[in-house]
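Colleague: The residues making up each chain are set out below.
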Amino acid sequence: MFMKTRRLLFDNKLKRKLNANKLLRIKRRKRKTEHSSRSGDSVACSKKRVLQNVDGEVKDGQTLITGPYKNGVSVIRESKRTRSCISRKGIKGRKKRKMETTDEVDEIVEPLDQISELPEHIIHQILSCLRCPKDVTRITVWSKKWRSIFASFFSFDFDQKKFKASGRYNPDKFITFVNSSLAEKLGPMHSIQKFKVSLFQANFKLIPPMSNWINAALNKDVKELEIHVEENNVRRHYLLPNIVLTSKSLTSLKLYGCKFGSNVIINLCNLKELSIKNAHVNTDLINNFIQGCPSVEDLRLVNCKGIGHLHISTLDKLQRVHLHECHGLVSINIALTSLVSFMYWLKTSWLCDINLSGCENLKYLSIKDPTLTDEVFQDMLKKFSYLEKLVLRECTRLEQITILSKTLTELSIIRCKKNIDPLINAPNLTAFEFSGERIPFIPFMLLNISNLHVVKLHLHLRRKESYPFRDLERFLRIIVKIGGWKSIVSSHKNITIHEELPKFERVSSKKLKLELIKSPMKLKDFVDNLLRMSRPNMLSLVSSSDSELLNFLKEKIMSRERNPKCCTYYSRKCWLYHIKDVTMVILFEGAENGDEGHDLQQIMFKFNWKSSASERLELVDSS
Amino acid sequence: MTSSKTIVLRSSDGATFEVDEAVALHSLMIKHRIETGGADSTTIDVPEVTGNTLSKVIEYCKKHVEAPNSDDLKSFDTDFVKVDQAVLCHLAKASYYMNIKGLLDLSSKTIADMFKGKTVEQIRETFHIKNDFTPEEEEELRKENSWNLFV
Numbered sequence: 031m032f033m034k035t036r037r038l039l040f041d042n043k044l045k046r047k048l049n050a051n052k053l054l055r056i057k058r059r060k061r062k063t064e065h066s067s068r069s070g071d072s073v074a075c076s077k078k079r080v081l082q083n084v085d086g087e088v089k090d091g092q093t094l095i096t097g098p099y100k101n102g103v104s105v106i107r108e109s110k111r112t113r114s115c116i117s118r119k120g121i122k123g124r125k126k127r128k129m130e131t132t133d134e135v136d137e138i139v140e141p142l143d144q145i146s147e148l149p150e151h152i153i154h155q156i157l158s159c160l161r162c163p164k165d166v167t168r169i170t171v172w173s174k175k176w177r178s179i180f181a182s183f184f185s186f187d188f189d190q191k192k193f194k195a196s197g198r199y200n201p202d203k204f205i206t207f208v209n210s211s212l213a214e215k216l217g218p219m220h221s222i223q224k225f226k227v228s229l230f231q232a233n234f235k236l237i238p239p240m241s242n243w244i245n246a247a248l249n250k251d252v253k254e255l256e257i258h259v260e261e262n263n264v265r266r267h268y269l270l271p272n273i274v275l276t277s278k279s280l281t282s283l284k285l286y287g288c289k290f291g292s293n294v295i296i297n298l299c300n301l302k303e304l305s306i307k308n309a310h311v312n313t314d315l316i317n318n319f320i321q322g323c324p325s326v327e328d329l330r331l332v333n334c335k336g337i338g339h340l341h342i343s344t345l346d347k348l349q350r351v352h353l354h355e356c357h358g359l360v361s362i363n364i365a366l367t368s369l370v371s372f373m374y375w376l377k378t379s380w381l382c383d384i385n386l387s388g389c390e391n392l393k394y395l396s397i398k399d400p401t402l403t404d405e406v407f408q409d410m411l412k413k414f415s416y417l418e419k420l421v422l423r424e425c426t427r428l429e430q431i432t433i434l435s436k437t438l439t440e441l442s443i444i445r446c447k448k449n450i451d452p453l454i455n456a457p458n459l460t461a462f463e464f465s466g467e468r469i470p471f472i473p474f475m476l477l478n479i480s481n482l483h484v485v486k487l488h489l490h491l492r493r494k495e496s497y498p499f500r501d502l503e504r505f506l507r508i509i510v511k512i513g514g515w516k517s518i519v520s521s522h523k524n525i526t527i528h529e530e531l532p533k534f535e536r537v538s539s540k541k542l543k544l545e546l547i548k549s550p551m552k553l554k555d556f557v558d559n560l561l562r563m564s565r566p567n568m569l570s571l572v573s574s575s576d577s578e579l580l581n582f583l584k585e586k587i588m589s590r591e592r593n594p595k596c597c598t599y600y601s602r603k604c605w606l607y608h609i610k611d612v613t614m615v616i617l618f619e620g621a622e623n624g625d626e627g628h629d630l631q632q633i634m635f636k637f638n639w640k641s642s643a644s645e646r647l648e649l650v651d652s653s
Numbered sequence: 144m145t146s147s148k149t150i151v152l153r154s155s156d157g158a159t160f161e162v163d164e165a166v167a168l169h170s171l172m173i174k175h176r177i178e179t180g181g182a183d184s185t186t187i188d189v190p191e192v193t194g195n196t197l198s199k200v201i202e203y204c205k206k207h208v209e210a211p212n213s214d215d216l217k218s219f220d221t222d223f224v225k226v227d228q229a230v231l232c233h234l235a236k237a238s239y240y241m242n243i244k245g246l247l248d249l250s251s252k253t254i255a256d257m258f259k260g261k262t263v264e265q266i267r268e269t270f271h272i273k274n275d276f277t278p279e280e281e282e283e284l285r286k287e288n289s290w291n292l293f294v
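Sequence lines, in order, name chains A and B. Positions in the first sequence are counted from 1; adding 30 to them yields the working numbering. Positions in the second sequence are counted from 1; adding 143 to them yields the working numbering.
Isolated chain B, as found in the complex (with noise of 0.2 Å):
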């Protein structure tokens, strides 16, 4: 068993993950701060991120470097992003900001997929986006797209 150096990843309240660093690697913004950082890098502040999200990112990290060309990666993947349209959107958001192509590409499609199909109503209620047109707009809008809009 090879001794790996484990990096410390601090969330934004406060809870710390220790992890190999060949998986902190992963993300490209956690490999520059530790290139650019010096010597002193065990310990890197992740404050765009909560606790939760950070785990799940580490969760995807993990399978990710330890297996990288394996079948089940891809139900894996599947499997990952079963969950709340509001946990995907930390999901997104978190894998914009650490840099990590993989499950930003992941995350995105699978709420675009979210978007396929659905009337406007349904997609209104399940991302919670509040219609802030006036009746006097919408009516305007139905007028404007009707071939399309309000299937």
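Isolated chain A (complex conformation) (with noise of 0.2 Å):
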């Protein structure tokens, strides 16, 4: 009798339990997934703990979810052991069968899918890493969550240049072709995240449908617009519809030869990045847009004619200003305590005032000006107590210069004056770039060098300079008081890659660069870079034999495939790709410290490269 009750209790829990899983998708699907390989057992030790307090059973040892689950939590499968428990338990004959069938049932074996569930920020900054549009593109497939997903991202860029490219070409059918593509493709979606249109003709005949496309654009509370006109013409600048200018939705409004109304009333109350290029402007009206963006958070200047006067206090969330090429700037007058990177580049002459005492968080400055003076440039550094990175580019009139800053982690001295003598004391300097035509005089530049990483010299002499060793070696010999350096020397088309410092061969070339580093991934990006960048002739590496930059770059090198894997469906793409043939020569050499016992070995790259010619022979050959 009482068995029979229990069986009936049993058999309803059962039913009840059928139905609810008819909701959820039952499949049977291979006993370890990725979910559960490696990290499985410690998720599901805490997810045990959470499941006791969602609608659960817990049956002696053994948690099944029936009901809804919360925050994404899978369920956990049943183990052998607890099964076999069940059996143990007493359950026999048809109740036992039944069991087990429905224990099928309830095995819900499927693992979460964790990323459609993701917070939409969240997947908006994974795609935003996305580099290839073809990856972007490609989620429209997965499944219809994502296809939404993809629409509230998706992005216009309509290039009349790659366009012209692209056939036989009239500015009518360029027309078209937007027009239609906007027409079929922005209906269905309620917000696009992007829209930029290129021209590199401001003819007459695109401005009218220009308006439309980005009065459609607006409509559809576009965040990030964008117009590139290349027109040298002012006259023919787009003339920008006063709507773009008071627009809610922008956070992102980049300008490329525009000119704007006069008197333009401007609202952008959620503006984050502004960048206006090759324009013609005026006081009144940067001092409208400095009204207008009130949480501006980066402001960009480039070749902007007639700014005149540039104040700004009263933007408290402006953390990024770059003034660059700008004539017509002649004083710049700066008081925001939120300000963290201050850009200003001038390519010729051009005095100006510059004046940021209100800035006292700067974090990182770059001056590109031949007219900064030392009291000019060392009254600048006063006010700066935070200062970590500091870029001095073509300060042509700087000579002698001190930089005393206990927070500065990077610093850059780029083709300044021949003579300059910096004098430097960071302690926490970890980073330093010299660039010149001459190698400054050590002893009393870098005082304190505990903490560097990184020591890049880039050296071009003049014809009927004789090269500096002495200099060069007595830099050198102050670095490596303290060790663990690896160099990286490139001269003409060669590289050699010394792993542990030993004591330099004298190059003869007239340009030099020597690339000092201490860590070994670091070490890795360098070479990686100067791979892609400079397609050598000739690497060659001195290292220990077990040294792991070289069995890198023997596994990338040497076992490389004809299309590598990491950019198939890329079409820029890496160097790797580049290489028509590699020959590696080893040359041991023994050790080079005697009492360390290291065996050091020398071992040569030589690479022939594909030209470009002969690259686009092998596309033909393979397609």
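To be clear, the hints were calculated from the coordinates, so they are not data collected in a lab. Treat each hint with caution, since some may be false.
Stated by the list, open to error - Using C-beta positions, here's what the derived DEER-type ranges look like:
| hint | chain 1 | residue 1 | chain 2 | residue 2 | range |
| --- | --- | --- | --- | --- | --- |
| 1 | A | Asp-555 | B | Glu-191 | 29 to 39 Å |
| 2 | B | Asp-188 | A | Gln-408 | 46 to 56 Å |
| 3 | B | Glu-268 | A | Thr-426 | 53 to 63 Å |
| 4 | B | His-175 | A | Lys-636 | 53 to 63 Å |
| 5 | A | Ser-564 | B | Ala-165 | 40 to 50 Å |
| 6 | B | Gly-245 | A | Lys-554 | 15 to 25 Å |
| 7 | A | Leu-434 | B | Glu-191 | 41 to 51 Å |
| 8 | A | Ile-512 | B | Ser-218 | 20 to 30 Å |
| 9 | B | Ala-210 | A | Arg-423 | 25 to 35 Å |
| 10 | A | Lys-215 | B | Pro-211 | 43 to 53 Å |
| 11 | A | Asn-559 | B | Glu-191 | 32 to 42 Å |
Unchecked claim - If you only want the chain A side, here are some residues facing chain B, beta carbon under 7 Å, derived:
| hint | residue |
| --- | --- |
| 12 | Asp-143 |
| 13 | Gln-144 |
| 14 | Ile-152 |
| 15 | Gln-155 |
| 16 | Cys-159 |
| 17 | Leu-160 |
| 18 | Asp-165 |
| 19 | Val-171 |
| 20 | Trp-172 |
| 21 | Ser-173 |
| 22 | Lys-174 |
| 23 | Ser-549 |
| 24 | Met-551 |
Claimed, not checked - Capping the alpha-carbon separation at 20 Å, the derived lysine to any residue pairs in SDA-like fashion look like this:
| hint | chain 1 | residue 1 | chain 2 | residue 2 |
| --- | --- | --- | --- | --- |
| 25 | A | Lys-412 | A | Thr-401 |
| 26 | B | Lys-252 | A | Phe-180 |
| 27 | A | Lys-603 | B | Met-257 |
On a predicted model such as this, the values are computed, not experimentally measured, just so you know. We treat Cβ as the ideally placed atom computed from N, Cα and C, and that holds for glycine.
Using the supplied hints, reconstruct the complex from the two chains, each of which is provided in its own coordinate frame.
Modeller: Below you can see the structure in the form of structure tokens.
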């Protein structure tokens, strides 16, 4: 009798479970999924604790979920052990069979799709890390949800130059193309992320449709708007429709070659990024922008003529200001405690009064100004007690400067005056870069180099100059006092890497690039970069036989595939793809430092790179 | 040895973790809670994060607070994200909720790297994304985007 009622109760419970589980997808999958492989056990443990709060039944060491789950917690599969527990519990015969079949039904093996449940902000961040448009558009096929995610992240990019390159062209064709694309794709979307249109010709035919397109984009609450008109004649710049300047949805506005109406009202309350390039502006317009964009964080003015006096004190979110080649800029006055990065680049001499006295939190300062004097520079430097990165580029009036900073971590002095004599005391400096015609006299230059990790030295000597061997040796002697350096020397098309810094061989070329690095990981990155950018003829590596870099290079270079996997789908290939053939020569040198007992060997890779002509042939062959 | 204040963090499943205040402040959410919480703010609930994820997040914060500019930080980060995609998603969510920009950027980038160069089927399998298109819809999609999608 008792057993019977138990049986009945059990059956009812099972029935309810079955009904609940009809909503859940049940599929038999292989036991070990990726989900449970590595972290499965630890994850499972934490989840067990959570499961007890959720609607579930705890059955002697095994937990089953029957109701909807919270927080994307997936179900634990029954382990073999617990299943045998059930059978041991005395369920016999028919009931046992029923239990087992319903166990199969209950067993929800499907690991949960975590990634689709991520908050939108994270998904957008992930998608914005994808550089290749093919990767991004491919997500529309994953599932319906991802199709709609893509729609909200979608960006339109119409480039007249590329359109012209793809076939017979006239402005009308381009207009029809853009119109039809927009009509087709824009309709079903309720908002778009980015809209960019680039014209290489400001043809008068294109102007009215442009305004229509921009209107359409604004109607769809576009967040990033970029208008690029390559036109040097100011009168033919594109006149920006006023409606752009009062949009509530814009967070980023980039304008190249546009002009503005007079007395425009600007109200871009959500704008975070503003970039105006190649435009004729005036002080009032810039002031209007400053007043109308209270939340702007990044302001870039490039090649803008007529700014006059730039005065910013009210934008309390502004973190970055970049001013490049703005002729007509008479004075800069910025007093913002939020300012983190300031870049001021001038091509020719133009006197401008820079006052950044209110920006005491500045961390990154980059100046390219041939009129900058020692006094002005020292004055400026005093105000920034938290400066972390300083770049002085082509500041040809600087002669004797003193840089004292506890917070400075990166310093670059690039192509300044030949006789520049910097005195640097920055105990926390980790990266130092110097580029010029002469190696500055070191003992007074770097007073404290204990934290230095990266040193880059780039020498370009003039024709009649003799090679500064002594200076170079002196420089290196001081740096090398603290050990652990690896060096990359590149001159002409040869790169030599020493993993343990030895005595220097004399290099006789007029251009020498020397990089000293401590971190083996950075070394890998540097070498990768060098191979990508300079395509040397010869790369030699002096290291011990079990060096990580050596193995990395051997693996990558010698066992490369014709079509490397990393860039199969991309049009811009990595350097591996461009190698025609490589020969590896091993020279054993034996121990360089006798007492250390290291067996150093020198390995040379001789590269033969594909020329672009032969590359095109190859592509034809393969297709 | 300076006796720094310690904060107790409690995860959604009741697990508690005691950390130095400096480590806890790496999370801007916790920092905000402490600053606006008043005097009695030694225990902070983090109900959106499970114990396991929280312990990993704390490991990350500890390393980044202890040696913020060291070189092996990069190799630590690389090893830190050599985990399951499910754990990665949990980390991303936790870092978003707890407002830890570094960890959020790291996990987003790692997930993005897992998308690169994979075919649609591979991605569906890796991330267990259910293909809910009907065969007709899929046929339509193929026609629409044949140039890149089904490589």
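Colleague: Hint by hint, note whether the structure agrees.
Modeller: Taking the hints in turn, this is what the structure says about them:
no.	hint	result
1	Asp-555(A) x Glu-191(B): 29 to 39 Å	holds (35 Å)
2	Asp-188(B) x Gln-408(A): 46 to 56 Å	holds (52 Å)
3	Glu-268(B) x Thr-426(A): 53 to 63 Å	holds (59 Å)
4	His-175(B) x Lys-636(A): 53 to 63 Å	holds (58 Å)
5	Ser-564(A) x Ala-165(B): 40 to 50 Å	holds (43 Å)
6	Gly-245(B) x Lys-554(A): 15 to 25 Å	holds (22 Å)
7	Leu-434(A) x Glu-191(B): 41 to 51 Å	holds (46 Å)
8	Ile-512(A) x Ser-218(B): 20 to 30 Å	holds (21 Å)
9	Ala-210(B) x Arg-423(A): 25 to 35 Å	holds (31 Å)
10	Lys-215(A) x Pro-211(B): 43 to 53 Å	holds (45 Å)
11	Asn-559(A) x Glu-191(B): 32 to 42 Å	holds (40 Å)
12	Asp-143	holds (5 Å)
13	Gln-144	holds (4 Å)
14	Ile-152	holds (5 Å)
15	Gln-155	holds (4 Å)
16	Cys-159	holds (4 Å)
17	Leu-160	holds (5 Å)
18	Asp-165	holds (6 Å)
19	Val-171	holds (5 Å)
20	Trp-172	holds (5 Å)
21	Ser-173	holds (5 Å)
22	Lys-174	holds (5 Å)
23	Ser-549	holds (4 Å)
24	Met-551	holds (5 Å)
25	Lys-412(A) x Thr-401(A)	holds (19 Å)
26	Lys-252(B) x Phe-180(A)	holds (18 Å)
27	Lys-603(A) x Met-257(B)	holds (19 Å)
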